[in-house]
Every structure is written in structure tokens, then in C-alpha cells.
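K.L.:
Sequence:
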Amino acid sequence: MTDNAAKDLPLWRSMLYVPATSEKFVEKAHERGADAIKIDLEDAVAPAEKPRARTLVRDVAKRVARNGADVLVRINRPASMAVKDIEASVWPEVGGLVLPKVDAAEHVEFLCEMIDELEAERGMTVGQTRLMILIETPRGYANARAIAHSTPRLAAICLGQEDFSAEMGMVEPDGMALLSYYQGVQVAAREAGVMPIGYPGSIAEFTDLDLFRSNVEQARRLGFDGGACIHPRQVAILNEAFTPSEAEITRAEGMVAAYDAAMAAGDGAVAFEGKMIDVPVVARAERILAIRDKIAAKQGG
Numbered sequence: 001m002t003d004n005a006a007k008d009l010p011l012w013r014s015m016l017y018v019p020a021t022s023e024k025f026v027e028k029a030h031e032r033g034a035d036a037i038k039i040d041l042e043d044a045v046a047p048a049e050k051p052r053a054r055t056l057v058r059d060v061a062k063r064v065a066r067n068g069a070d071v072l073v074r075i076n077r078p079a080s081m082a083v084k085d086i087e088a089s090v091w092p093e094v095g096g097l098v099l100p101k102v103d104a105a106e107h108v109e110f111l112c113e114m115i116d117e118l119e120a121e122r123g124m125t126v127g128q129t130r131l132m133i134l135i136e137t138p139r140g141y142a143n144a145r146a147i148a149h150s151t152p153r154l155a156a157i158c159l160g161q162e163d164f165s166a167e168m169g170m171v172e173p174d175g176m177a178l179l180s181y182y183q184g185v186q187v188a189a190r191e192a193g194v195m196p197i198g199y200p201g202s203i204a205e206f207t208d209l210d211l212f213r214s215n216v217e218q219a220r221r222l223g224f225d226g227g228a229c230i231h232p233r234q235v236a237i238l239n240e241a242f243t244p245s246e247a248e249i250t251r252a253e254g255m256v257a258a259y260d261a262a263m264a265a266g267d268g269a270v271a272f273e274g275k276m277i278d279v280p281v282v283a284r285a286e287r288i289l290a291i292r293d294k295i296a297a298k299q300g301g
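The sequence shown: position 28 = 28 (the working numbering), numbered continuously.
The set of hints was computed from the structure by calculation and includes no laboratory data. If you're wondering where the values come from, they're calculated on a predicted model, not measured in any experiment. Please note that a few of the clues may not be correct.
Stated by the list, open to error - With a straight-line Cα cutoff of 27 Å, these simulated DSS-like cross-link-like pairs (lysine-lysine) come out: (1) 28 x 50; (2) 28 x 298; (3) 294 x 62; (4) 298 x 62; (5) 294 x 28; (6) 24 x 84; (7) 62 x 50; (8) 24 x 50; (9) 62 x 84; (10) 62 x 28; (11) 24 x 298; (12) 298 x 275; (13) 62 x 24.
Working from the sequences, and respecting the hints, build out all of it.
P.N.:
See below:
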């Protein structure tokens, strides 16, 4: 099976950003159906409000998790702010941190030392706080492979399209213009056995939902595992796009069964639906079934 299965990675088809200071959004977040809620201490929180936002994290984490969503906190950079954010966010109620503007593996390693210490001090299992990394600068992109291998805590890596396109001098984060960069980050993620998260186009696109759906479906075809969003209307689209269809599941079940039966019988060649199948083809089918199982577990079924 895949590295992802071996690492027991989470199900993050949809990851909804919720500003820590917005009571309106916090109160409704658990009703939105997102696999993960990302409590935002960064862009969605005004500089003057950041100290207050840190005091809210633990309570907000409990509230947004009421329907079983994973909870992450997006922290700030520079390091002076990141340290304060991490101190406010490493608690049993928080499943992970989102690290923005990561430029190098050394940056991740430095922050992980602090996370280790806080987990130990607070009676948590050292290593339980997972990480999602945002690649948002040319330097970060150049170091994506090393970053993806920087820590066992890492669960996902994503190209931050808005910041990255601005750093590259692009007029806007056009999906096709960024496609090669998305796939570069995807290769780094897959090699390291972590999830590639993201889709072509802008995360801010919540008015033209047909365009958003097209971007997300393209990401699924390319092999991404999920995406982030800023509006509740985007959640259902992400969940649907990154959920295998019934036809895909039925075909995957049949393929795996045929392959297993042939291996048990000692056959060297395996035929399914009039075609020969081999290990990579079966691995794709197994991945579909693994996603099915994760969704069922998430839904309590």
C-alpha cells in the first residue's frame, strides 16, 4: 500500500478557516461538515487583535470540534509571533498547527523543538501535534523536498497560492499558471509520504461556485487529497470532489478481489474487465478503498 496509509494520515478533504476572533463564524463552524477546522491567528485576525485571539484558542478549539472535526491552528510568522502562537495553541484540544511561509527544513525543526517541550510540560504525548506546512515563497518552493522530510509530525503540505503568486509577481493566482508549482509541491509530498493539499485557482473564489468546483475536481484528478476554504459554501464541494464515487468504489473492490484471488492461486498474470492489471493499478484501487474506510470511520459508520 501507499506511504500515506502506512503513516495513518488523517482525512482532510475539506479544511475550513475560521478566525479565532469571529464569534459568528466560531459558533457555526461545527455545523459546516468540514473534515478539519483551521482556527486562524494569521491573515484573518487584525494585528491589534492577535493577543486576544491567542487567549481564545483553547475554548474555540473545543467548540468547533463538537461534531468531530479535526482542529488545527494557523500561526503567524515571524518567529517572535510564532513562538507566542505556539504557546497558546499546543493543547490536547488542538490536533495540529498550520505553519505559514515555511522557507526551510531548519525553520520547521526549530519550531518542533518548542512543540516537543510544550507537549511534555502539558502532559501530552510528545509527537501528537501534527503539522501542515504552507509553501508560500520561492525559497520555500526550492526547499520543498527537504521541508517535506523535516519532521515525522508532518501530515500535509500545501502551496499557498495567494502569497506564492504575489511573491512570484503574478497578477493573480491563476490556476493554470500555478499548475507546475502545485505539482512540484505534490511530488515532494508524495515522496515524503504526506498529503498534498490544494487546487488550482484562488481560495477566495466563493461566488463563482462552478469555477471553484472545476478547480477542485481538477485537483482530485491530479492526485491531491483535499483543499482549504474560507466560506461554508465551499465545504460540500470539497467533500464531494475528494470522495470516491460509488462506481469507483465498486470497481476498486472488484479489482482488489480479483488481484488477491490470482495471487492466492499463484497466477503470474491478473485480468480484470478485459485488461491486465499490475501492482500500480491495484495500488490506486487500494487507495480508493482506504479513503472510503476513512470517510466511514469519520462518519461513525
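K.L.:
For the pair supplied as a hint, residue 298 and residue 275, is the alpha-carbon distance within the 27 Å limit?
P.N.:
34 Å, violated
K.L.:
Take a quick look at whether residue 62 and residue 84 sit within 27 Å of each other, Cα to Cα.
P.N.:
20 Å, holds
K.L.:
Between residue 24 and residue 84, is the straight-line Cα distance small enough, at 27 Å or below?
P.N.:
Given that 27 Å is the threshold and the Cα spacing comes to 25 Å, the pair holds.
K.L.:
Given the hint that residue 28 pairs with residue 298, test it: the Cα-Cα distance must not exceed 27 Å.
P.N.:
Distance ~19 Å between residue 28 and residue 298 Cα, so the pair holds.
K.L.:
Starting from residue 298, check that the Cα of residue 62 is at most 27 Å away, please.
P.N.:
It holds: about 18 Å lies between the C-alpha atoms, which stays within 27 Å.
K.L.:
Is it true that the CA of residue 62 sits at most 27 Å from the CA of residue 50?
P.N.:
Satisfied, since the Cα-Cα distance of roughly 19 Å is no more than 27 Å.
K.L.:
Measure nothing beyond the straight line between the CA atoms of residue 62 and residue 24; if it is 27 Å or shorter, mark the hint as holding.
P.N.:
Between residue 62 and residue 24 the Cα gap is close to 15 Å, so the pair holds against 27 Å.
K.L.:
Measure nothing beyond the straight line between the CA atoms of residue 28 and residue 50; if it is 27 Å or shorter, mark the hint as holding.
P.N.:
Given pair residue 28, residue 50 holds - Cα atoms ~21 Å apart, limit 27 Å.
K.L.:
Taking 27 Å as the top limit, are the C-alpha atoms of residue 24 and residue 50 close enough?
P.N.:
17 Å, holds
K.L.:
Is the Cα-Cα distance between residue 62 and residue 28 27 Å or less?
P.N.:
13 Å, holds
K.L.:
Holds or violated: residue 24 with residue 298, Cα cutoff 27 Å?
P.N.:
Holds. Residue 24 to residue 298 sits at ~25 Å (cutoff 27 Å).
K.L.:
Taken at face value, is the distance from the CA of residue 62 to the CA of residue 294 at most 27 Å?
P.N.:
With a Cα-Cα distance of about 22 Å, the restraint between residue 294 and residue 62 holds, given a limit of 27 Å.
Consistency with the previously given hints fails for number 12 only.
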